[in-house]
Amino acid sequence: RKEVEQDPGPFNVPEGATVAFNCTYSNSASQSFFWYRQDCRKEPKLLMSVYSSGNEDGRFTAQLNRASQYISLLIRDSKLSDSATYLCVVRDRGNDYKLSFGAGTTVTVRA
Amino acid sequence: DAGVTQSPTHLIKTRGQQVTLRCSPKSGHDTVSWYQQALGQGPQFIFQYYEEEERQRGNFPDRFSGHQFPNYSSELNVNALLLGDSALYLCASSLPPNNEQYFGPGTRLTVT
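Residue numbers (this note's numbering), protein chains in the order written: chain P, 1 to 111; chain G, 1 to 112.
Since the hints were derived computationally from the structure, they do not count as laboratory data. Quick reminder that beta carbons are idealized off the backbone N, C-alpha and C, glycines included. Incorrect hints may have been included.
Dumping the calculated PhoX-like pairs for lysine-lysine here, alpha-carbon to alpha-carbon at most 25 Å [claimed, not checked]:
| # | chain 1 | residue 1 | chain 2 | residue 2 |
| --- | --- | --- | --- | --- |
| 1 | P | 45 | P | 79 |
| 2 | P | 45 | G | 13 |
| 3 | P | 45 | P | 2 |
| 4 | P | 42 | G | 26 |
| 5 | P | 42 | P | 79 |
| 6 | P | 2 | P | 42 |
| 7 | P | 42 | G | 13 |
Okay, the calculated bits of chain G under chain P, using three or more residues with CB under 8 Å as the criterion [stated by the list, open to error]:
| # | segment |
| --- | --- |
| 8 | 36–48 |
| 9 | 70–79 |
Sample of chain G residues at the chain P side, in silico, Cβ under 10 Å [what the hints assert, rightly or not]:
| # | residue |
| --- | --- |
| 10 | 2 |
| 11 | 7 |
| 12 | 8 |
| 13 | 12 |
| 14 | 29 |
| 15 | 31 |
| 16 | 33 |
| 17 | 64 |
| 18 | 90 |
| 19 | 94 |
| 20 | 100 |
| 21 | 103 |
| 22 | 104 |
| 23 | 106 |
| 24 | 108 |
| 25 | 111 |
Based on the provided sequences and hints, a complete structural model is requested.
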């Protein structure tokens with residue numbers, strides 16, 4: 001079983017729509033959770049960390065459900081510039097070195 | 001403030017050859033991690049270097065080796081290249097205690 005699994009999509013949504021997707025992780029000892037954004041043929045960039053209480057950064061909202069071992073990302077009022085692959089990332093407790101990535105969820109926002 | 005830099009940008013090699021990829025960390029960072037990203041997949045952890053030592057390694061064969069220099073820059077070496085080694089190789093630097101990893105633009109390796 002993969003450490004981090006994501007719905008690959010693609011999610012194809014119109015501008016202004018809301019889109020949400022999840023990822024699941026297999027290690028219950030996982031401690032830190034992140035969403036990274038990766039544009040085509042570019043490097044991943046940190047979008048936001050995910051906290052147990054849930055957190056929001058502008059139009060982006062991340063939620064963590066430790067009991068069910070899943071993380072979600074919701075994008076409100078989608079912009080064309082939100083088109084990208086969103087990578088779910090997990091770091092295990094006691095292991096500050098290695099990030100475990102999902103394969104990514106592709107979002108395309110159309111005009 | 002320079003971010004993480006990697007060289008070369010692109011590289012084409014033949015099966016069986018050896019390759020060396022280079023990474024310079026973000027200014028002030030002392031830790032370098034290497035990841036392999038195959039097409040359509042997420043990055044996979046290869047190893048991490050700190051204080052010129054390999055601190056942790058992912059599930060990669062011994063054909064993958066690395067080095068960190070006193071100025072914190074790093075090299076990734078891959079011997080006996082296979083077609084399956086074709087991928088984007090990403091370097092990420094970080095600094096404790098935050099440990100947020102900043103990625104470089106990557107080196108795209110094609111093995112023919």
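Practice item. Grab the minimum C-beta distance from residue 2 of chain G to chain P and call the hint holds if it beats 10 Å, violated otherwise. Key: This interface hint is violated because 14 Å lies over the 10 Å limit.
**Study point:** chain P contact restraint for residue 31 of chain G - C-beta distance below 10 Å
**Key:** Status holds, d = 8 Å.
Check your understanding: For the hint on residue 94 of chain G, does the least C-beta distance to chain P fall short of 10 Å?
Key -> Holds: closest Cβ of chain P sits about 9 Å from residue 94 of chain G, inside 10 Å.
Review point. Does the interface hint hold: is residue 8 of chain G within less than 10 Å of chain P, judged Cβ to Cβ?
Key: 15 Å, violated
Review point. Quick one, are residue 42 of chain P and residue 79 of chain P close enough, alpha carbons at most 25 Å?
Key: Holds, at about 19 Å.
Review point. Any CB of chain P closer than 10 Å to the CB of residue 7 of chain G?
Key: Given a least distance of 14 Å, the restraint on residue 7 of chain G is violated.
Practice item. Three residues minimum, CB to CB under 8 Å: does the segment 36–48 of chain G make the cut for coverage by chain P? Let me know. Key: holds (count 7)
**Study point:** residue 106 of chain G as chain P interface residue, shortest Cβ-Cβ below 10 Å
**Key:** 6 Å, holds
Check your understanding: Measuring from the C-beta of residue 64 of chain G to each C-beta in chain P, is the shortest one below 10 Å?
Key -> 15 Å, violated
Review point. Against chain P, with CB atoms and a cut of 10 Å, does the hint on residue 108 of chain G hold up?
Key: With a minimum Cβ separation of about 8 Å from chain P (threshold 10 Å), the hint on residue 108 of chain G holds.
Check your understanding: Should the hint that residue 104 of chain G touches chain P count as held when the rule is a Cβ pair under 10 Å?
Key -> Nearest chain P Cβ about 6 Å off; hint holds.
Check your understanding: Under the criterion that the straight-line Cα-Cα distance not exceed 25 Å, is the pair residue 42 of chain P, residue 13 of chain G satisfied?
Key -> 21 Å, holds
Comparing the model with each earlier hint shows violations of hints 2, 9, 10, 11, 12, 13, 14, 17, 25; every other hint is respected.
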